[in-house]
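Novice: Top line first, the protein sequences correspond to chains P and A.
In terms of the numbering used here, the first sequence opens at residue 1 and continues consecutively.
In terms of the numbering used here, the second sequence opens at residue 1001 and continues consecutively.
What the hints contain is simulated information worked out from the structure, not anything from laboratory work.
Since the model is a prediction, treat every value here as computed from it, not as a measurement.
The beta carbon of each residue, even a glycine, is placed where N, CA and C say it ideally should be.
Do not take every clue at face value.
For each label pair, taking beta carbons as the anchor points, the in silico distance ranges come out as [stated by the list, open to error]:
| # | chain 1 | residue 1 | chain 2 | residue 2 | range |
| --- | --- | --- | --- | --- | --- |
| 1 | P | Leu51 | A | Gly1083 | 14 to 22 Å |
| 2 | A | Gly1018 | P | Leu41 | 41 to 49 Å |
| 3 | A | Thr1085 | P | Val18 | 44 to 52 Å |
| 4 | P | Arg29 | A | Gly1076 | 17 to 25 Å |
| 5 | P | Ala52 | A | Thr1098 | 16 to 24 Å |
| 6 | A | Gly1018 | P | Leu10 | 43 to 51 Å |
| 7 | P | Glu15 | A | Asn1048 | 41 to 49 Å |
| 8 | A | Ala1056 | P | Leu41 | 22 to 30 Å |
| 9 | P | Val54 | A | Gly1029 | 21 to 29 Å |
| 10 | P | Leu51 | A | Thr1074 | 17 to 25 Å |
| 11 | A | Gly1023 | P | Val54 | 19 to 27 Å |
| 12 | A | Gly1029 | P | Glu15 | 47 to 55 Å |
| 13 | P | Lys8 | A | Gly1086 | 52 to 60 Å |
Examples of chain A residues lying across from chain P (beta carbon under 8 Å, computed) [said to hold, decoys possible]:
| # | residue |
| --- | --- |
| 14 | Leu1152 |
| 15 | Ile1153 |
| 16 | Ile1155 |
Sample of chain A residues lacking proximity to chain P, with all beta carbon distances greater than 12 Å (derived) [said to hold, decoys possible]:
| # | residue |
| --- | --- |
| 17 | Ala1021 |
| 18 | Thr1024 |
| 19 | Arg1028 |
| 20 | Ser1032 |
| 21 | Ala1045 |
| 22 | Gly1052 |
| 23 | Ala1056 |
| 24 | Thr1067 |
| 25 | Ala1068 |
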Amino acid sequence: MAHVLTTKGLIERAELEVNDIITEEENARVFATEWRHNGELVRRDVNVNILAGVQLAGEQETM
Amino acid sequence: MANTQAICKSFRVDLLNGIHAFGTTVTRGGTSADSFKMALYLTTATINADTGAYTATGELAATGNYTAGGNAVTNGNAPSNSGGTGIVAFWTPSASVTWSNLTSSGSFDCALLYNDTNASDKAVAAFTFGTQSVTSGNFSLTMPTNDLSTGLIRIS
Chain P
1 MAHVLTTKGL
11 IERAELEVND
21 IITEEENARV
31 FATEWRHNGE
41 LVRRDVNVNI
51 LAGVQLAGEQ
61 ETM
Chain A
1001 MANTQAICKS
1011 FRVDLLNGIH
1021 AFGTTVTRGG
1031 TSADSFKMAL
1041 YLTTATINAD
1051 TGAYTATGEL
1061 AATGNYTAGG
1071 NAVTNGNAPS
1081 NSGGTGIVAF
1091 WTPSASVTWS
1101 NLTSSGSFDC
1111 ALLYNDTNAS
1121 DKAVAAFTFG
1131 TQSVTSGNFS
1141 LTMPTNDLST
1151 GLIRIS
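With the rest of the complex left out, here is chain A (with noise of 0.2 Å):
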């Protein structure tokens, strides 16, 4: 046998799953995980790898069924990695996020996902999609394969 230099395979999931902190952590308020959620954003929004938390600068309006702060993601996927040398940790919610008979306050290409039950609402990553608008109309955001290719959120 020989030792090896490396990262460590679960390294990469227990990042996902919050089981280490280099720095000051915070009190968790228990053994489960957070809840997560998707807010959308007005193409005049700023919203960026320089987003560090949820806000409502730029947000769609709290109006046609939009609620400030956004809706909630399902998440029946734990965390999971695969892949042999190149192996990448990933997770995706389990189901499209949607808003019903939603009447945007403007047009919109962005969805933060942040962390809801982090006191802060830590973002986590902006997805665009083109300038949308909905009418009296669904909106849905459907998630992609939760793999080591196409998931959320995926570390490699």
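So here's chain P without its partners, still in its complex pose (with noise of 0.2 Å):
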């Protein structure tokens, strides 16, 4: 059986309600799985896709 680490130490995988929680920020895509046993949050995982990063935009290449 698999078990997964928590707050409470490690715990059967078939012992926990998993959600999985999807996101859309501004310019990120963010993936989140609550973990909880008996109701409570026990874990959460999170996973934070940086859609594109910044830029600095200067003068044209041509004047």
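Once you've looked at the hints, go ahead and assemble the two chains, each given alone in its own frame, into the complex.
Specialist: Structure representation (structure tokens):
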């Protein structure tokens, strides 16, 4: 049986309720996974996908 | 042939490589690429375009497997450029920046990219991603595609 590391130590995967939450931010897509044991949040993972970086815009190549 | 006034295409990449110094610069220890880090900041912090260097103010507390100063950025991509008239120089870390078994000391929404080789830990850019919290879990910042339209740092 697979176990998941939580705030309460290792808990069997089957005992956990799992919810995936996807949110869209201005420049990122966020994937959060919440793990609950008897209704209590015992683990939360987050992956942030940066969709695009930042750009420093200068003069045109031909002035 | 004719001469044309222009910013040279190579100049943008040269900026990313620290080739030119129009003002007072620093003595470099070698020709290697600098080391960069990303630090995470609480939603109550003030990290923005005016941030000139890494600061511990407002950073996640050094608890729950977070280390002050943040984590190293994997730099396997040399700066490059592409495009025609609207050429863009760009650079992106070659891997995600990750924290394992992290419990954040509070809600956070920002990562600061800064130069860890520089004696003053000069800042590069701040990235926001909405309010997040992590509990005994993993946090990762997955980098965008390294090209002229989405690269993490772009100079046009």
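Novice: Which constraints among the numbered hints does this structure fail? Numbers only, ascending.
Specialist: The structure conflicts with no hint, since it agrees with every one listed earlier.
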